[in-house]
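A.B. asks: Here are the chains, one letter per residue:
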Amino acid sequence: MHDMSTHPAQHHHTAPTSFIRKHVFSLDHKVIGKQYYGLALIAVYIGMALSWLMRLHLGWTNLAIPGLQWLSKTGAPGGVMTPEYYLQLMTMHGTIMVFFVLTTAPFAGFGNFFLPIQVGAEDMPFPRFNMMSFWITFVAFIILMTAFFVGDGPPLSGWTAYVPLSAIGAAAGPGQGLGQILWAASIATFCIGQLLGSLNFITTTLDLRTRGMTLMRMPLTVWAWFITSCMGLTAFAVLLPACILLILDHVAGTSFFIASGLVVNGALVPHSGGSTLLWQHLFWFFGHPEVYIAIVPGVGIVSHVLITNMRRPLLSSKVLIGCMATLAFLSYVVYGHHMFVSGMNPFSGLVFSFPTLIITIPATIIVLIWIGSLYGSKIRINSASLFALGFISMFVSGGVSGFFLAQPSLDIYLHGTYFVVGHFHMVMAVAALFGIFTGTYFWFGKMFGRMMNETLGKIHFWLTFVGTYAIFMPFHYLGFAGNVRRYQAFVDDYLQPLIPVHRYITVAALVTGAAQLIFLYNLIHSRFWGPIAPENPWEATSLEWITTSPPPFDNFGGKHIEVFHDPYQYGIEGSTNDYVMQNSPEQIHTERDEK
Amino acid sequence: MAKFFAITIVVIAIASAIPIVMHMWPMPQDISVHGPLIDEQMADTMAEAGISFLAAQFILAAFIWMFSNRSREAKIRRFPGGAMGLVIAAVLLVGTEVLALGVFGTKAWAAVYFTPPSADAMPIQVQAGQFAFYFRYPGPDGKFGTIHPDKIDEANENFFGLDLTNDPAAKDDIVAAEMAIPVNKEIHLLMHTKDLGHSFYVRELRVQQDFVPGLDLSLHFTANKIGKYEIVCTQLCGLGHYNMKAYLEVMSQDDFNTWLKQQAANQ
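Each protein sequence line maps, in turn, to chains Z and G.
Following the numbering used here, the numbering of the first sequence begins with 1 at its first residue and continues without gaps.
Following the numbering used here, the numbering of the second sequence begins with 1 at its first residue and continues without gaps.
FYI, nobody ran anything at the bench for these hints, they're computed from the structure.
Accuracy of the hints is not assured; some may be wrong.
[To be verified] A short, non-exhaustive set of chain Z residues, derived as facing chain G with CB atoms under 10 Å: (1) VAL24; (2) ALA470; (3) GLY557; (4) GLY571.
[As the list claims (entries may be wrong)] No more than 20 Å apart at the CA atoms, straight line, and that leaves these computed lysine to aspartate or glutamate pairs for EDC-like: (5) G/LYS261 to G/GLU157; (6) G/LYS228 to G/GLU178; (7) G/LYS228 to Z/ASP493; (8) G/LYS261 to G/ASP150; (9) G/LYS3 to Z/ASP493; (10) G/LYS228 to Z/ASP492; (11) G/LYS107 to G/GLU48; (12) G/LYS245 to Z/ASP492; (13) G/LYS75 to Z/GLU539.
Don't be surprised by glycine CBs; every beta carbon is placed ideally from N, CA and C.
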């Protein structure tokens with residue numbers, strides 16, 4: 001791949017003038033990044049509200065939740081959630097969070113805003129595709145939301161939408177007709193948006209780096225977004241046809257996923273010849289890389305922010321990049337660990353379990369590199385660095401439960417229990433959320449020109465760090481006790497004694513959720529009334545900090561940027577500051593440079 | 001604040017470990033012949049995971065404590081061994097640990113899935129359907145009658161769609177809403193689903209297996225403790241999923257023979 005020592009051939013689209021072009025249908029990657037972030041912000045609060053409803057119902061099954069009947073008269077008569085409505089809310093919670101929050105904010109949100117700036121480019125090479133990618137994602141969100149309000153509501157088959165429950169239509173249950181079709185249409189649309197976005201990320205990284213910006217001089221965030229977009233291109237390309245096949249089984253009389261001889265609701269299902277496990281293979285071939293798509297940008301952001309706040313580079317950026325790439329590669333060969341008891345050939349189970357265990361190694365190396373880099377550093381404590389350090393703790397906690405689930409013999413006991421739910425919430429949901437918070441507190445000033453309030457940020461951190469542990473650690477104990485997941489109530493003899501634990505979790509969830517309103521307040525208040533952000537408030541070195549806060553339309557005000565060394569020149573002996581900007585021609589100790 | 005953060009991490013780590021160490025919500029007692037292999041694997045994994053978890057959190061906390069609030073003149077120090085040392089340590093330690101778990105865990109997995117049922121294992125068929133389990137015993141002829149999906153008639157309690165008029169093998173089949181088995185007798189459980197995906201889970205037996213539409217799967221196991229246990233569905237199957245269960249009764253051979261005779265009389 002060539003280093004752009006000649007001036008890169010870029011689009012020089014002129015600055016927009018109309019309101020629509022500036023803020024709505026914008027070609028500017030920065031606006032698109034903020035639009036994605038805004039979409040994720042709306043989605044996360046909806047997803048969180050859904051989780052509150054779920055947790056209230058799990059603690060107190062017959063509780064009348066005031067106002068719920070306005071969302072659904074049939075789903076919550078008198079405000080009391082029906083069993084099917086619990087599952088419908090649960091399905092939407094998972095779908096909204098995984099797709100519209102965890103895939104959107106850390107990758108499409110921050111990536112769109114900062115990737116071009118961090119490689120010294122004016123914009124991405126396909127600004128129209130980029131604009132389309134956001135609006136297609138937005139349309140996907142609207143399609144999903146309509147499922148709440150049409151027919152008998154959203155689907156109840158979970159974000160995993162296993163067949164044939166999700167394929168045979170309305171006979172299988174409420175929401176399984178139109179609701180399921182809308183779900184599949186939404187996700188298929190989302191895939192298209194992601195494919196367009198990934199295309200832009202990859203081409204920006206490979207072709208639009210400025211003079212002197214070799215691949216090894218790119219910040220770790222750029223590497224993370226680049227690796228994520230490679231995964232995105234291949235993983236979403238499989239989910240898209242899977243969703244289309246699912247829709248066809250609903251509307252075109254096909255039987256991709258429906259076997260013969262099934263009797264549902266007293267009637268023989270008029271389909272035959274399909275494969276139940278086919279959906280699971282297609283879904284998880286996408287699904288496992290998807291969870292790495294959710295977490296790898298966070299790994300990049302946390303590395304980037306930690307380095308700035310440790311005032312020293314990582315022990316080895318190359319090793320971290322190698323580990324992210326290894327995680328991405330291995331993510332394709334481990335997906336069967338979601339299917340150990342699915343009826344898949346048990347020998348395949350063993351085959352999938354070995355790379356699943358091996359994937360622990362690059363994940364461990366990443367954590368060790370971070371912890372080893374903390375040694376002898378000069379840690380600065382602020383909201384961003386607190387969340388970055390909290391990410392490490394949370395990633396370890398969530399990752400360790402993976403030891404158990406990677407082994408098929410233990411999965412016999414733990415599959416389908418709260419142990420799994422605890423594992424993925426900690427290692428993916430909470431950790432990725434911490435990555436988003438890290439990025440927000442770090443980059444808000446640059447994006448919006450005003451700094452966030454540090455006191456509120458720290459309060460937000462403390463309540464969230466302790467709160468998420470308080471919520472999700474007990475999930476593992478419930479799992480060991482055999483508490484099955486996706487139950488709307490606990491009626492079995494052995495589950496009833498566990499209800500007090502669920503009630504405790506509900507209280508923890510409500511308190512921690514309330515703390516997120518502090519974050520929302522901080523965002524909104526700071527956006528309009530926060531202190532003006534300087535160009536480089538963190539004394540950081542990468543290219544986003546050499547331009548104004550916020551950056552001008554073309555990122556660098558027409559300046560041609562040249563880069564002279566790697567992006568993490570901190571702790572430099574003999575320099576007046578303890579850092580050197582990436583575009584500074586100042587002669588420095590070159591041993592630290594990794595070519 | 002850094003020191004307080006370090007302490008918080010340590011407190012959370014210890015608090016997380018306490019319920020495990022004190023067996024506050026333990027796995028139920030194992031009642032199966034293959035169970036001890038799984039339980040041993042679980043205990044080994046818990047020890048390794050527990051040590052890794054505590055060590056990582058404590059070291060993270062220690063470094064946050066030690067390396068915050070340092071003066072501007074303080075020197076940056078490099079971790080002994082640098083990145084390569086950590087990479088080698090991770091590959092050797094974690095690699096050995098996970099390979100050991102993987103290799104030894106194969107035995108537990110093989111005990112369930114790679115050994116065929118013995119020739120004198122007792123066959124029982126379980127049918128899962130929204131939202132109940134039904135069990136079928138082959139009767140004196142030792143043969144199960146054919147399932148005809150179009151003949152399924154729940155109102156008349158023909159849950160398996162048997163052709164009682166024309167199918168001789170079906171005439172002596174015994175259908176029950178709960179599962180009884182003799183203790184210390186190997187069972188060959190044939191799994192069939194009427195409509196969509198379900199799963200068969202008995203915690204104490206250490207078995208879990210999905211039902212797959214279109215695939216007839218089976219499990220085999222031997223229960224070695226008399227008692228009453230719950231069978232629950234663990235694969236989301238619709239609105240009644242939470243309530244889809246049946247009882248498993250493990251009885252002495254004599255009690256089982258009596259039970260089976262009573263069920264036959266009730267057909």
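A.B. asks: With reference to the structure, classify each hint as holding or not holding.
C.D. replies: Structure-based check of each hint:
1. VAL24: 40 Å, violated
2. ALA470: 9 Å, holds
3. GLY557: 32 Å, violated
4. GLY571: 4 Å, holds
5. G/LYS261 to G/GLU157: 19 Å, holds
6. G/LYS228 to G/GLU178: Between G/LYS228 and G/GLU178 the Cα gap is close to 11 Å, so the pair holds against 20 Å.
7. G/LYS228 to Z/ASP493: Cα-Cα ~11 Å, so holds.
8. G/LYS261 to G/ASP150: With Cα atoms ~29 Å apart, G/LYS261 and G/ASP150 exceed 20 Å; violated.
9. G/LYS3 to Z/ASP493: 45 Å, violated
10. G/LYS228 to Z/ASP492: Judged against 20 Å, a Cα distance of about 13 Å means the pair holds.
11. G/LYS107 to G/GLU48: Within the cut-off at roughly 19 Å; holds.
12. G/LYS245 to Z/ASP492: 8 Å, holds
13. G/LYS75 to Z/GLU539: 18 Å, holds
Violated hints for the displayed structure, listed by number in ascending order: 1, 3, 8 and 9.
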